[in-house]
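A.B. asks: Chain by chain, the residues run as shown.
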Amino acid sequence: DQQVKQNSPSLSVQEGRISILNCDYTNSMFDYFLWYKKYPAEGPTFLISISSIKDKNEDGRFTVFLNKSAKHLSLHIVPSQPGDSAVYFCAGSYSSASKIIFGSGTRLSIRP
Amino acid sequence: DAGITQSPRYKITETGRQVTLMCHQTWSHSYMFWYRQDLGHGLRLIYYSAAADITDKGEVPDGYVVSRSKTENFPLTLESATRSQTSVYFCASSEPGQGGKLFFGSGTQLSVL
Numbered sequence: 001d002q003q004v005k006q007n008s009p010s011l012s013v014q015e016g017r018i019s020i021l022n023c024d025y026t027n028s029m030f031d032y033f034l035w036y037k038k039y040p041a042e043g044p045t046f047l048i049s050i051s052s053i054k055d056k057n058e059d060g061r062f063t064v065f066l067n068k069s070a071k072h073l074s075l076h077i078v079p080s081q082p083g084d085s086a087v088y089f090c091a092g093s094y095s096s097a098s099k100i101i102f103g104s105g106t107r108l109s110i111r112p
Numbered sequence: 001d002a003g004i005t006q007s008p009r010y011k012i013t014e015t016g017r018q019v020t021l022m023c024h025q026t027w028s029h030s031y032m033f034w035y036r037q038d039l040g041h042g043l044r045l046i047y048y049s050a051a052a053d054i055t056d057k058g059e060v061p062d063g064y065v066v067s068r069s070k071t072e073n074f075p076l077t078l079e080s081a082t083r084s085q086t087s088v089y090f091c092a093s094s095e096p097g098q099g100g101k102l103f104f105g106s107g108t109q110l111s112v113l
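Chains A and B, in that order, are what the protein sequence lines are.
So in this note's numbering, the last spot in the first sequence is 112, and the numbers never skip.
So in this note's numbering, the last spot in the second sequence is 113, and the numbers never skip.
For the record, the hints were derived by calculation from the structure and aren't laboratory data.
Bear in mind the structure is a predicted one, so any value in this text is a computation, not a measurement.
Keep in mind that a hint or two might mislead.
Some chain B residues judged to face chain A by a derived CB distance under 7 Å, without partners named [as the list claims (entries may be wrong)]:
1. S28
2. F90
3. F104
Glycine residues also receive a C-beta, built at the ideal position from the N, C-alpha and C atoms.
Put together the whole structure using the sequences plus the hints.
C.D. replies: Structure follows, in structure tokens:
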């Protein structure tokens with residue numbers, strides 16, 4: 001049973017436009033949701049997170065929105081830059097940090 | 001250097017062999033994790049550890065063994081490697097209260113022939 005789902009394997013966006021990556025979850029017990037970014041041949045790196053009691057968190061060009069009723073979250077990147085080309089993983093976690101469950105990832109390509 | 005290091009970076013082995021992947025962190029983080037990354041599956045949790053001598057199963061633990069005798073080390077052993085265990089393996093660490101913010105190593109690419 002996939003607790004965290006990313007239904008779009010890939011996304012292509014023009015440089016300077018908005019990138020929107022989506023994620024759905026089934027486990028209502030998650031306390032936090034996180035986005036990680038991964039370049040080839042490197043480990044994932046933390047990008048941004050949101051507590052389950054909030055509906056928006058912003059950090060520079062990155063904003064995460066949480067819709068608890070729909071069990072859906074999204075990551076907005078504005079404006080998109082070439083360095084944003086990477087695989088993005090959505091994840092859900094508990095406050096105890098005991099288990100962090102990831103989605104299957106979305107490959108974002110920023111075209112000139 | 002401070003951080004989390006994995007070794008080896010690349011490993012080729014044969015089916016039936018025992019393989020151990022090493023993970024070492026210098027932050028003294030309480031939690032450590034092993035994930036495998038496969039196309040179409042993303043990152044799947046194999047095992048995790050909340051402290052030395054405390055380990056627990058993740059989503060896909062079958063065929064793997066872990067130990068954590070010291071806080072800084074968390075080796076992953078494939079007791080009898082199978083082709084389905086060909087994957088990229090990532091070790092990660094974190095502290096409680098960080099909301100799931102993980103620090104990952106660079107990964108070990110394992111091929112089982």
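A.B. asks: Let me know if the C-beta of S28/B comes in closer than 7 Å to any C-beta of chain A, holds or violated.
C.D. replies: violated (15 Å)
A.B. asks: Holds or violated: the hint that F104/B contacts chain A, with Cβ atoms closer than 7 Å.
C.D. replies: Interface hint status for F104/B: holds (3 Å vs cutoff 7 Å).
A.B. asks: Taking the closest Cβ pair, is F90/B under 7 Å from chain A?
C.D. replies: holds (5 Å)
When each numbered hint is compared with the structure, a violation occurs for hint 1 only.
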